[in-house]
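Put together the whole structure using the sequences plus the hints.
Its first residue numbered 34, the sequence shown is counted upward by one per residue in the working numbering.
Since the hints were made in silico from the structure, they are not lab data.
Please note that the accuracy of each hint is not assured.
Here are the simulated distance ranges between beta carbons [to be verified]:
| id | residue 1 | residue 2 | range |
| --- | --- | --- | --- |
| 1 | 128 | 57 | 20 to 30 Å |
| 2 | 43 | 141 | 15 to 25 Å |
| 3 | 139 | 100 | 16 to 26 Å |
| 4 | 42 | 128 | 25 to 35 Å |
| 5 | 35 | 92 | 34 to 44 Å |
| 6 | 147 | 80 | 29 to 39 Å |
| 7 | 35 | 118 | 12 to 22 Å |
| 8 | 148 | 72 | 26 to 36 Å |
| 9 | 100 | 133 | 33 to 43 Å |
| 10 | 93 | 132 | 17 to 27 Å |
In silico PhoX-like links for lysine-lysine, alpha-carbon gap of 25 Å or less [claimed, not checked]:
| id | residue 1 | residue 2 |
| --- | --- | --- |
| 11 | 107 | 37 |
| 12 | 111 | 37 |
| 13 | 98 | 75 |
| 14 | 111 | 98 |
| 15 | 111 | 75 |
| 16 | 75 | 37 |
Ideal placement from N, C-alpha and C gives every residue a C-beta, glycine not left out.
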Amino acid sequence: ELRKTYREVGLPEVGGVGTEDIMSALTTVLTWELLSYTELEKDCRERRIPVRYDDLGVHAPPADKHAHLLQQLKVDLKVSLSRGVYEARGIPVERLGAWHTLDVATRLDEFEAMNND
34 ELRKTYREVG LPEVGGVGTE DIMSALTTVL TWELLSYTEL EKDCRERRIP VRYDDLGVHA
94 PPADKHAHLL QQLKVDLKVS LSRGVYEARG IPVERLGAWH TLDVATRLDE FEAMNND
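Next up, the structure:
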């Protein structure tokens, strides 16, 4: 059940992640879900995640800003939990940041799924 909940909030299933790590990650995500978007902005800045609302527009409602920042934080958490996996694939996580790391990993998955024709 715990691992199912972990996956349902969008976190990766990574070998070696113990119950303590799962609980910590779930606590973090649940906390983010309850914070205001202004508090999420602070967490983004602490994690060096750019706070931009380019896709939402200047006058986006707070709920949209919250959802946008929550998604960014979850992607960052996901990448940080799987950092070793990405780096083992040759992806420079530190240089790319979370979003680009996921983009590169997705593209590599697509390449690996192709046949050699």
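C-beta pair residue 42, residue 128: status relative to the range 25 to 35 Å that was hinted | Cβ of residue 42 to Cβ of residue 128: about 27 Å, so the range 25 to 35 Å holds.
Starting from the hint 15 to 25 Å, judge whether the C-beta atoms of residue 43 and residue 141 obey it.
-> holds (20 Å)
Mind checking the hinted window 20 to 30 Å against the Cβ distance between residue 128 and residue 57?
-> holds (26 Å)
Residue 111 and residue 37: Cα distance at most 25 Å?
-> Given that 25 Å is the threshold and the Cα spacing comes to 15 Å, the pair holds.
Quick one: are residue 148 and residue 72 within 26 to 36 Å, going by C-beta?
-> violated (48 Å)
Within 16 to 26 Å or not, the Cβ separation of residue 139 and residue 100?
-> holds (21 Å)
Is it true that residue 147 and residue 80 lie within 29 to 39 Å of each other by Cβ?
-> holds (34 Å)
Just tell me: holds or violated, for the beta carbon distance of residue 35 and residue 118 against 12 to 22 Å?
-> About 21 Å separates the Cβ atoms of residue 35 and residue 118, which means 12 to 22 Å holds.
Quickly compare the C-alpha distance for residue 75 and residue 37 to 25 Å and report which way the hint goes.
-> violated (29 Å)
Take a look at whether the Cβ-Cβ distance between residue 35 and residue 92 falls inside 34 to 44 Å.
-> The hint (34 to 44 Å, Cβ to Cβ) holds, given that residue 35 and residue 92 are roughly 40 Å apart.
Straight-line Cα separation of residue 98 and residue 75 no greater than 25 Å?
-> Cα-Cα ~13 Å, so holds.
Taking 25 Å as the top limit, are the C-alpha atoms of residue 107 and residue 37 close enough?
-> With a Cα-Cα distance of about 16 Å, the restraint between residue 107 and residue 37 holds, given a limit of 25 Å.
The structure shown violates the earlier hints numbered 8, 9 and 16.
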